[in-house]
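K.L.:
Throw the hints in and build the complete structure from the sequences for me.
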Amino acid sequence: MGRTLSHARTAGLLVLGVALAGCGSGAAATAGGSTTPKTGGTLTFAVGSDTGCTDPQQVASNDSIYSVRQLVDSLTDQDPETGEIVPWLAESWDVSDDAKTFTFHLRDGVTFSDGSELTAEVVKENFEAAPELGALAGLATGYLSGVEKITADDPRTVTVAFAQPNAQFLQATSTHSLGIVSGASTKLSAQERCTKGIVGSGPFTLAEYAANSSATLKKRTGYAWGSSLWEKQGEAYLDQIVFKVLPEAGVRTGSLQSGQVDAIGNVGRADESALEAAGVTLPARANPGVVFNLAANNSDPILKDAAVRQAIGLAIDRQQVADTVFNTGTQPATSVLAHTTPGYEDLSAALTFDLDAAKALLDAEGWKAGADGVRTRGSEQLRFTISWFANSPTNQPSLELIQQQLRRAGIAVELKQNEISQFATLLASGDYDLIWGNVTRADPDILRSQFSTALSNPYRLSASELDGTLTEQAGTIDPAAREKLVATAQETIVREAYTVPVVELQTKLGVAKRVHALNFEASSRIQLHDTWVE
Amino acid sequence: MRRYVIRRLAQALGVLWAAYTLSFFILVLLPGDPVSAMAGAGMDSAPVDPARLEALRHAYGFDKPVPLQYVDHLGRALTGDFGDSVATGRPVTQLVTEALPQTLLLTATGLGLAFLLGGGLALAATYTDRRWARQFLLSLPPLGVSVPTFWVGLMLVQFFSFRHPWFPAFGNDGPKGLVLPAITLAVPTGAQIALVLAKSLLTTLDEPYVGTALAKGAGRAHVHLRHALRNASLPALTVAGLLVGQLMANAVVIETVFSRNGLGRVTQAAVSAQDIPVVQAVVVYGALVFVVVNLLVDLVYPLLDPRIVLSPRRPQVVTA
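Chains as they are written, first to last, in this note's numbering: chain A, 432 to 965; chain B, 146 to 465.
One or more hints might be untrue.
Stated by the list, open to error - Computed far set for chain A versus chain B, every beta-carbon distance over 12 Å:
(1) Gly-514
(2) Asp-525
(3) Ser-659
(4) Thr-712
(5) Ala-843
Unchecked claim - So, partial list: chain A residues that the calculated Cβ filter (under 7 Å) puts toward chain B:
(6) Cys-625
(7) Thr-626
(8) Gly-628
(9) Asn-643
Calculated from the structure, these hints are not laboratory results. As the structure is a prediction and not an experimental result, all values here were calculated from the model. Glycine included, each C-beta is placed from N, C-alpha and C at the ideal position.
P.N.:
In structure tokens:
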């Protein structure tokens with residue numbers, strides 16, 4: 432069924448693309464010239480999916496994060512420009528030199544929408560309850576792993592102590608996953624939190640939720656404790672935000688063009704020109720974290736040879752992948768981290784497209800060109816599978832292009848589609864050659880969870896000096912010193928080609944002219960407190 | 146007649162049981178399970194602790210031997226309890242009953258429209274004297290059957306919502322929102338009804354009794370509607386009964402295109418998340434509707450053609 436639908440979708444888009452090209456000028460577009468923010472009004476935002484959960488601590492898909500992020504505040508916020516962590520619910524904080532103990536000093540006078548007060552005790556209850564939420568709360572659980580003790584020192588001070596150095600925790604407190612819910616909400620079961628919803632202290636409250644259909648958010652009156660990054664003090668501009676679930680991409684695009692919705696998430700390359708013609712703006716920002724990459728199973732008898740992995744990297748024309756498949760402005764990978772990640776190091780010189788060098792590397796390793804164009808060594812063929820998941824429409828076209836590119840170097844790859852439900856099982860079993868994927872996270876510690884052999888080690892690396900570097904950065908608080916270590920880690924991963932970075936993921940929104948200040952936060956999701964409509 | 150109905154009801158129970166059993170084992174045989182589906186859904190997350198996953202599997206009973214799970218699920222399903230959705234945690238019965246009215250409304254409107262459009266087309270095509278008009282009208286049903294449903298839906302949205310803002314492009318609100326989806330649903334169904342009815346009308350109109358009726362001075366329209374249509378409608382009715390399954394399958398596509406909340410969307414989400422309890426409930430519901438509609442169709446036969454006698458002993462013969 433899923434298969435039929437995705438074919439249906441592609442074919443439908445092609446047809447729609449043709450139809451739209453013929454009538455672009457007929458669409459309604461409101462031309463706005465006003466620059467003074469206005470209070471009031473409703474914003475209608477169309478997303479493609481709904482996970483059926485309204486608890487920020489349990490959702491991980493952008494389409495759900497967009498709405499539930501607005502319901503809660505976090506202890507800190509992260510500046511999307513500099514990556515710096517700044518005050519939100521916590522006015523200030525102290526981190527011990529060994530990066531094991533974090534003390535937050537909470538702001539006064541914050542209340543949840545049920546009237547209860549934000550206290551150190553509530554924060555403690557939040558962080559104690561989150562890891563117990565189960566399978567859906569993977570993000571929050573990961574951020575809090577290794578937590579030893581949480582103490583409410585006084586009503587305004589809470590201390591979180593870890594068994595191991597854990598520098599990433601400060602950035603984690605700025606994410607939606609550790610957004611603070613009321614004390615009463617922490618006592619609900621994981622399922623109740625999903626279906627009944629949680630009570631937050633955020634600038635909006637959930638007024639109505641219909642699974643698979645829509646979520647209506649209302650402005651929280653009396654809100655006065657926004658992030659220090661926000662331009663407007665106090666309450667939000669918008670009275671109401673309606674999130675509509677429109678699964679069909681063509682319908683989202685057409686609804687925005689015809690003014691039935693004000694903004695849409697995730698604009699694909701094919702829809703850009705039609706939207707621009709209708710006067711829609713297309714703000715875009717690369718997702719921080721690990722770029723789309725071909726992660727090698729480093730325990731595979733052939734792939735454990737660094738030269739083979741490096742040859743794969745040299746044979747991929749990243750620019751071509753970015754320019755043909757992804758939305759305009761998408762950048763080819765210039766490191767294993769995207770350029771919006773704090774601590775990113777530009778390694779573009781080491782990530783070039785050089786087919787001759789790829790061939791020379793393989794020749795030197797004894798891989799000789801075979802009769803059918805696939806290299807062989809003895810009885811072995813240079814042949815791999817790439818496992819991928821249908822969680823993004825760009826996956827299949829990207830991989831088909833990469834398949835052709837690798838073929839020119841004499842490397843044969845077969846594409847193997849899996850259901851997302853098999854992702855965890857596949858990683859755990861090690862039954863794969865290469866995996867296509869990316870990870871969004873605005874902290875370089877993501878490298879540790881992906882590539883340290885001390886943790887789950889999904890790509891089956893052998894222990895190396897990389898482990899030491901990754902552990903050391905997790906215990907380093909000084910930003911400059913940490914950045915240096917993170918740069919070393921990126922250099923090692925790219926040099927050894929433990930994974931082959933290919934292209935960044937860029938989030939592109941479609942926003943009608945009447946909407947202003949719909950901003951990206953540090954994780955390239957949206958912040959709607961400052962947003963206003965004409 | 147009563148024995149016939151009882152026997153058919155017993156058969157219906159057999160069909161329901163078979164549908165339930167078959168779908169259960171297909172879902173269980175798929176690689177992965179709903180719990181790892183939950184864990185994998187957030188691909189950005191740190192891998193979930195295997196011990197925690199094991200605990201969840203235990204909570205849902207997925208760690209029990211398959212035959213035991215089957216007996217367990219079947220036992221509770223018999224009392225109408227399909228358990229909780231693994232993906233959303235909500236009771237399955239609640240999920241289905243919430244979505245069901247929307248889908249029933251859509252399919253009923255679609256089927257009604259299909260009868261009107263398909264029947265009207267078949268009557269017009271067989272009634273007209275003009276050869277070219279008949280040829281043209283008779284060429285429409287094959288076209289309607291062969292264009293993909295999602296394409297029809299997208300075209301309708303494109304012209305009647307995006308270009309001319311007459312109807313909403315999405316949502317379940319009000320009768321206005323029902324128009325485009327119902328038309329989309331009626332196109333393939335109506336086309337099949339038209340195909341069968343036109344063919345059968347043409348055959349019937351060649352029967353000697355039609356000539357007799359005309360010779361006795363009955364008007365052409367009277368003969369067409371009163372004599373021929375009644376007899377010719379049996380095959381169309383049979384097809385309509387079978388089309389119910391197709392209607393429900395098309396509802397999945399249409400509810401996605403028109404962003405309507407309904408059983409189709411619930412099914413699609415449940416299948417991709419391997420949400421066994423929800424899929425099971427939907428399958429049983431689907432089988433139930435199918436069985437009921439076909440039973441109703443069978444009961445209508447004798448009303449249309451008194452020569453048909455419903456008997457539990459022999460399969461009824463439909464004369465066309």
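K.L.:
Now tell me if each hint is right for this structure.
P.N.:
Verification of the hints:
no.: 1; hint: Gly-514; result: 18 Å, holds
no.: 2; hint: Asp-525; result: 26 Å, holds
no.: 3; hint: Ser-659; result: 26 Å, holds
no.: 4; hint: Thr-712; result: 19 Å, holds
no.: 5; hint: Ala-843; result: 25 Å, holds
no.: 6; hint: Cys-625; result: 6 Å, holds
no.: 7; hint: Thr-626; result: 5 Å, holds
no.: 8; hint: Gly-628; result: 13 Å, violated
no.: 9; hint: Asn-643; result: 5 Å, holds
Checked against the numbered hints above, the structure breaks only hint 8 and satisfies the rest.
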